[in-house]
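J.: Each protein sequence line maps, in turn, to chains Y and V. In terms of this note's numbering, the first sequence has 648 at position 648, counting the first letter as 1, and numbering is strictly consecutive. In terms of this note's numbering, the second sequence has 10289 at position 289, counting the first letter as 1, and numbering is strictly consecutive.
Keep in mind the hints are simulated off the structure, nothing from the lab. It cannot be assumed that every hint is accurate.
Stated by the list, open to error - Restricting the straight-line Cα-Cα distance to at most 25 Å, the calculated cross-link-like pairs of lysine-lysine (DSS-like) are:
1. V/Lys10039 <-> Y/Lys705
2. Y/Lys846 <-> Y/Lys816
3. Y/Lys846 <-> Y/Lys125
4. V/Lys10313 <-> Y/Lys705
5. Y/Lys816 <-> V/Lys10168
6. Y/Lys705 <-> V/Lys10335
7. Y/Lys865 <-> Y/Lys125
8. Y/Lys705 <-> V/Lys10443
9. Y/Lys72 <-> Y/Lys729
10. V/Lys10036 <-> Y/Lys705
11. V/Lys10313 <-> Y/Lys865
12. Y/Lys797 <-> Y/Lys783
13. V/Lys10168 <-> V/Lys10039
14. Y/Lys292 <-> Y/Lys846
15. V/Lys10415 <-> V/Lys10398
16. V/Lys10398 <-> Y/Lys317
17. V/Lys10247 <-> Y/Lys705
18. Y/Lys409 <-> Y/Lys370
19. Y/Lys667 <-> Y/Lys562
20. V/Lys10398 <-> V/Lys10313
Stated by the list, open to error - Now the stretches of chain V that chain Y is said to cover, found in silico as 3 or more residues with beta-carbon under 8 Å:
21. 10267-10278
22. 10422-10434
Stated by the list, open to error - Which residues of chain Y face chain V? A partial, calculated answer using Cβ under 8 Å:
23. Val89
24. Tyr420
25. Lys705
By construction, the Cβ of each residue, glycine as well, lies at the ideal position given by its N, Cα and C atoms.
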Amino acid sequence: MIRILFPGRWLWLGCLLCCLALGGTPSRAQSDGRSTVTGRVTDADKAPLIGATITEKGTNNGTVADVDGNFKLSVASGASIVVSFIGYVSQEIPVGNRAVIDVALAADQHQLQDVVVVGYGTQRKKDLTGSIAKISSEQLIQPSAGSFDQMLQGKAPGVQITQTTGAPGGNVNVLIRGVSSITGGNQPLYVIDGFAIGSGGGGSDMRNYGGNNFSSAGMAANTGNRVNPLASINPSDIESIEILKDASATAIYGSRGANGVVIVTTKRGAYGKSQISVDASYGFQEVAHKLKMMNAKQYADYVVDGRDNAWVYAGGKATDPNEVRSVNTRVRPDFRNPESLTTDTDWQDVLFRTAPVRNLQLSSTGGTEKARYFISGGYFSQEGVIINSDYTRFNLRVNVDAQITKRIKIGTSTFGSYGYGRFVNTESHYGAGGLLANALAASPTIPVYDANGGYYFNQNDVNDGLGFLANVLAVADGSGDRRKVMDLVTNNFLEVNLTDNLTFKSSIGVNFGTNNIRLWRSSAVPNFGTLNYPATAGTSRAENLNWLNENTLTYAKVFNNKHFVNGLIGFTAQKNSRDLVSTGASDFPTEYVPFITAGIVNAGTQSINEWSLLSMMARVTYSYAGKYMFTATVRRDGSSRFGANNRWGSFPSFSVGYNIAEEDFMKNQNVVSNLKLRASYGISGNNQIGDYTSIGLLSTTRYIKNRALNPGLVPSTLSNDNLTWEKSKQTNIGLDVSLFKDRVTLTADAYRDRKTDLLLAVQLPAASGFNSSTQNIGDIENKGFELGLQTVNIRHKRFEWSTNLTFSHNENKVLKLATEGGRIANSAYQITQVGSPISSFYLINKLGVFMNSAELDGAALQHPKTQAGDLKFEDVNKDGVINQSDRKILGSPWPDYTWGMDNNFSLGNLSLNIGLVGSHGAYTYLDAGASLLGDNGVQNNLVLTDRRWRSEADPGDGIMPRSIRSNHALGFGTSSHYLFDNSFTRIKNIKLSYNLPKDLTRRMGVSNLNVYANVANVYTFTNYVGYDPESSITGDNVVNAGIDYLNYPLPRTYTLGIKLTL
Amino acid sequence: MKKYILYILIAVTASSCSDFLNLQPEYQISENSFYKSPKDFETALVGNYAGLQGLHNTALIDLGDLTTDNTDIKSTSPLVAEAECDEVNLTASNDFLNTVWSISFATIARSNNILSRLDAVTMTDAQKNQYKGEALFLRAYAYFYLVRLFGNVPIVDVSFRSPDEIMKFDMTRRPVAEVYNVITQDLLQSATLLNGVAGLSKSQASTGAAKTLLGKVYLTTGQFDLAKTVLKEVIDLKTYSLNPDYKKLFTNGNDELQESVFEIKYLSGNVGEGNSFSTIFMPSRFDVGMFPGNMQGAGRVLPTRQMATSYEKGDLRRNASIGDSVKLISGKYEKDLFGLKFVDFTTGIVGDGGINFTSLRYADVLLMYAEALNETSSTADAHTYLNTVRSRAGLPVKTGLDKAAFALALENERKFEFFLEGHRWFDLVRTGRYQVVMNQYFKDNGLNFTVADHEVLMPIPLREIDINPNLGQNPGY
């Protein structure tokens, strides 16, 4: 009931607000002795320029062109009128004796591109005082990418984009100016055509997909999102993306602005000839980088070595026969003679394949004076480079703008998307069904298929200690993870020009989405020690309804042609409700039907999560002759997520700009066309915590009574009535320079962002009975600088070469935590502590390998029986032993700097784009290291292991320790042995395209025809040993980034496409 | 006029805003909507008992048995925490210590929560006595493990409702004597409150359970006279008796047996209520064909050879506790030692055993009573109770031992009677014999380990010191 009543009430309030504002507007005075000018303002094609401003020069007298472009203005005799419109070159015309003046304005190509979408409005880039990066549709050029966020990598300074997985429809992380929250989310706010859809990501932390799938309750609990929510936006529909970085820009989004804001604006119709465009491409993908594993002979040698060493360690002799050895140190006879091994299987080839990707986009745009439209439909289908994985998506969009009367305009942005796909668990330990670990660990000495064509599996191999492995194909076929995502968004607005300067806009939007998951694990998928684990299935359905009502009043006026004033006030209400039902089943009598219905449904849950947000905001921008600029904003937010005592907060910001190029003394030179200094300060917030974090909740636990389950309840969270948002207090100074008629454009920003009142899951003493509670404790600082440089290096008649370079540097430092000297363990390998970056790697430091027994003398050991060939660690506390107290910080998952470089070459109709990206100084913990770089002679390893320590005479390269079965030197489990610098330089994309000559296309009856070839993810230069340096199993859980457990490898994609405009 | 409109606007906005923003979780139970009826307290108690599953499921076996001469690891990839137990080289980051610390304190907090809310709800005196008695028992049960393992620990006797209350509370460690005072008072009160309450399961607190535990507390604190009295009261209840078949105590169907005083329930069937004894006590081999689906063990806590060979001849407990050969998938048998207690051969799933764990049983009452008698110089009387237990094991009676010899005989009896039940470390530390026994064991086996003086107390978990440095570490760690 409440849900239905509320939008109406806000509308009513909005109207009231309008009335109040109207009452305060002074009416214009008329005077005698003046002449009246009428006329029509059009563009070069005689299309009316609705809303063009016509002012009497030197006065604040002016008007706006109506829907037909007509205007009427009373001016003093002898006056001139100035006709201007955003994106067009202004004209100054002396009126003289004329009563009718028709004006055709020429489009200003330069200016057109320089309109920037800011929160709740647009601004000329020239007037910007905040830090906003704009990416236009032409820069989003990766036809094989499923979501637009992947395409942004390296395009905007200050924005770090990481593709943590190569899975179709998979996760991409967007981090603006560094990681900023430890417990709260780190995702920016996404605003699509004015609709704040919340944060991206959405629970794709792959650690949730490991072993917990095995019970029916685990299946029911496996409801996290695997499909990138931003994949529902069709990249082809996007006109531009603005990334709001500093507080001056983001404070208008208040309690959701602290992580930056990404505003996506889709294409809209324009007056003129209707157009139909078709863009079709076909590509194929292959795994960009395969791991180099040991071959059968190397593997056999490694296994034999491990068993002999273990037997010798236990007191035996390497020459002892199997009969006298313990079970775990017996050696298969054929392994003693590696030359006899004929099978040499590369298990990666079993999973990897060359897979197609298809993309078909249709769109139509056009319009009359009264109505304009953009309609598009898209189909994107990608098979995965790993068997049994794929993703398909359909999109529809209708954007319509209609001029109802001279002063009333309505419009809609409506789109729907339906995506579905199959996902595979490449990640995690092979015991938990991780496909890649299973394939990589498998012995190369066994075949894929048996003599009957079935999947080869022999219990004797397992008994002989070749790891505990099922045939990876059996695991792949026995697991099912199917997902369907449906998303409908409609955002509709009404815009009324109350007076020439005052516009009221009200919008109502609804976003409805569903998410279906169907999971299956057959008994062919082993669970660690259980070979024939009973089959389980799960299914879930989530519905999400989000509605938003926004009401704004905008006042814009130019006084004396010098003072530009723009004011905005607004009121918004938003509510989100997510309803989830999930079930799990086990006890399947047969496994032919992989649905819960075929088993016994014995687990399930339902949750209904809601949040609501009420906001009021105001903004004033003022500029004087394009020389001095000032912006102030304030937003007041009330959020349901916070404690009863602290629901409301205010978020102010101020910024100033000074464009020296507009000074008189700069007029006489033509080197510098723009030289603007900017400075801003503001406060924005982050509210990304769970919906009911401030309320003390109980959780269900079960116990047994009369051999049956009996439910119990225990307190699980502590209430906190004082809980509130975390605050980001950001100072930014910037410089915009344009030189040589804009051949060189530079944007530079330096910032310091202090995050206070961090939303922190403060660890509580266990004696309190609670593990942690979310509190506002802790300070963090991000500071850095970023550069964007666009240059036209060569501009000849037919040849042009331009470069777009971005560079970002960010330094993250924790200033304060709950307790002094306190530490937060972010993962088994990472801690957060004062003075260091969030989630720094905190490990025992591996120095190398004990090359000979002499090195052992007096060395600090982790175990009294450490021998030559074992790993050598640093004794940090100098106490003579190696243990957990010797851990130290050894780097962080945050790069020192990232960069991107696009080079565009055009020669006549031919153009070539080469995109490079790079990241330097970050680390990744290869969690799969225990089975890829292990030492126990069981699983197959990276070929690096073949260069291991074998004897004092043959000590290897000092990186890999000797092979020895059983973990004799305990504590070896986690150390910097598995920590790697993940710096890389990547050739991200190469695109070659050709526009067919106009006379040819004209004859074909089309207005434009373009053919292109594209290679995405061409090559990566890195020393990282895993599949990809950006891999992280933690998905969108950004704060735990940098843990690789064999994520879905990134594909290299070759695409051919054609773009046709009728 | 404008002003009034503005006022109305503000009033409307303000009132509706607070409704609009005040969202309660409809699908979850919050503390504001619970603890209203007697039934709610029963549900809260179920939640509290459920926590004990995690306490006994391996953590206390590792700390109670793996740290002694009873068992060692045969896993090819032991966890660091296990190796530390096996070699008696525990560090503050040992997971088992953290588990025991956190579950024990959670149990205490849940009891405190129940106790703090009882008075606000209308119920009969009988109901209130029962809930209070059960909550007090659980609090004492948890504190008793804490004080024995860690020595001085914080005493929390209030329930927290906000982070501020926790910050303001004195979380420093209190002397052992004060902790024992809390335990003793709780158990005395619990035994009284639960007196006469009928229909309780063996998985719930009872007068018998409270008194048995109190007897153990008195033994540990050296108050042998008090121990003697309270344990005699348990015997005189005549509620409990030894189960004729020792093996049945540890196999499927060991529910509510006559010997059971307090038991932790588990349930198989892949519903998350099973235990891991079936994997930790079975050898780590891929070729074992003893479970459905050929589940493999992990070899984490296995009998030492010395243990397997030192049973008296004819001891029926030997083959009920230890297996000598494993049946392979091939159908053949191969020699290998493993533990048999609580191993559920009907489960095919790791960590899903359904056999209950009896943490207090009547044999313990008898042997503790014998110990109390011996320590109070009634050695002659003590023989009777020792022999009752020996007879059930099929062993001849012992006669005429002097006080010292009897104490040793008792130590030995307890070793075999309670093998793999997590008693050994606590027994040896209680009698001050842990260092002697272990150092001899290490020496006999050519192992280069020793138990230092400080190692009869465990280190405070690192997590707790990180959060609250004022806790301070036990000396030597």
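J.: Each of the hints needs a verdict: does it hold here or not?
T.: Cross-check of the supplied hints:
no.: 1; hint: V/Lys10039 <-> Y/Lys705; verdict: 15 Å, holds
no.: 2; hint: Y/Lys846 <-> Y/Lys816; verdict: 30 Å, violated
no.: 3; hint: Y/Lys846 <-> Y/Lys125; verdict: 51 Å, violated
no.: 4; hint: V/Lys10313 <-> Y/Lys705; verdict: 39 Å, violated
no.: 5; hint: Y/Lys816 <-> V/Lys10168; verdict: 20 Å, holds
no.: 6; hint: Y/Lys705 <-> V/Lys10335; verdict: 39 Å, violated
no.: 7; hint: Y/Lys865 <-> Y/Lys125; verdict: 68 Å, violated
no.: 8; hint: Y/Lys705 <-> V/Lys10443; verdict: 47 Å, violated
no.: 9; hint: Y/Lys72 <-> Y/Lys729; verdict: 48 Å, violated
no.: 10; hint: V/Lys10036 <-> Y/Lys705; verdict: 23 Å, holds
no.: 11; hint: V/Lys10313 <-> Y/Lys865; verdict: 37 Å, violated
no.: 12; hint: Y/Lys797 <-> Y/Lys783; verdict: 43 Å, violated
no.: 13; hint: V/Lys10168 <-> V/Lys10039; verdict: 33 Å, violated
no.: 14; hint: Y/Lys292 <-> Y/Lys846; verdict: 23 Å, holds
no.: 15; hint: V/Lys10415 <-> V/Lys10398; verdict: 16 Å, holds
no.: 16; hint: V/Lys10398 <-> Y/Lys317; verdict: 48 Å, violated
no.: 17; hint: V/Lys10247 <-> Y/Lys705; verdict: 23 Å, holds
no.: 18; hint: Y/Lys409 <-> Y/Lys370; verdict: 9 Å, holds
no.: 19; hint: Y/Lys667 <-> Y/Lys562; verdict: 17 Å, holds
no.: 20; hint: V/Lys10398 <-> V/Lys10313; verdict: 14 Å, holds
no.: 21; hint: 10267-10278; verdict: holds (count 5)
no.: 22; hint: 10422-10434; verdict: violated (count 0)
no.: 23; hint: Val89; verdict: 43 Å, violated
no.: 24; hint: Tyr420; verdict: 28 Å, violated
no.: 25; hint: Lys705; verdict: 7 Å, holds
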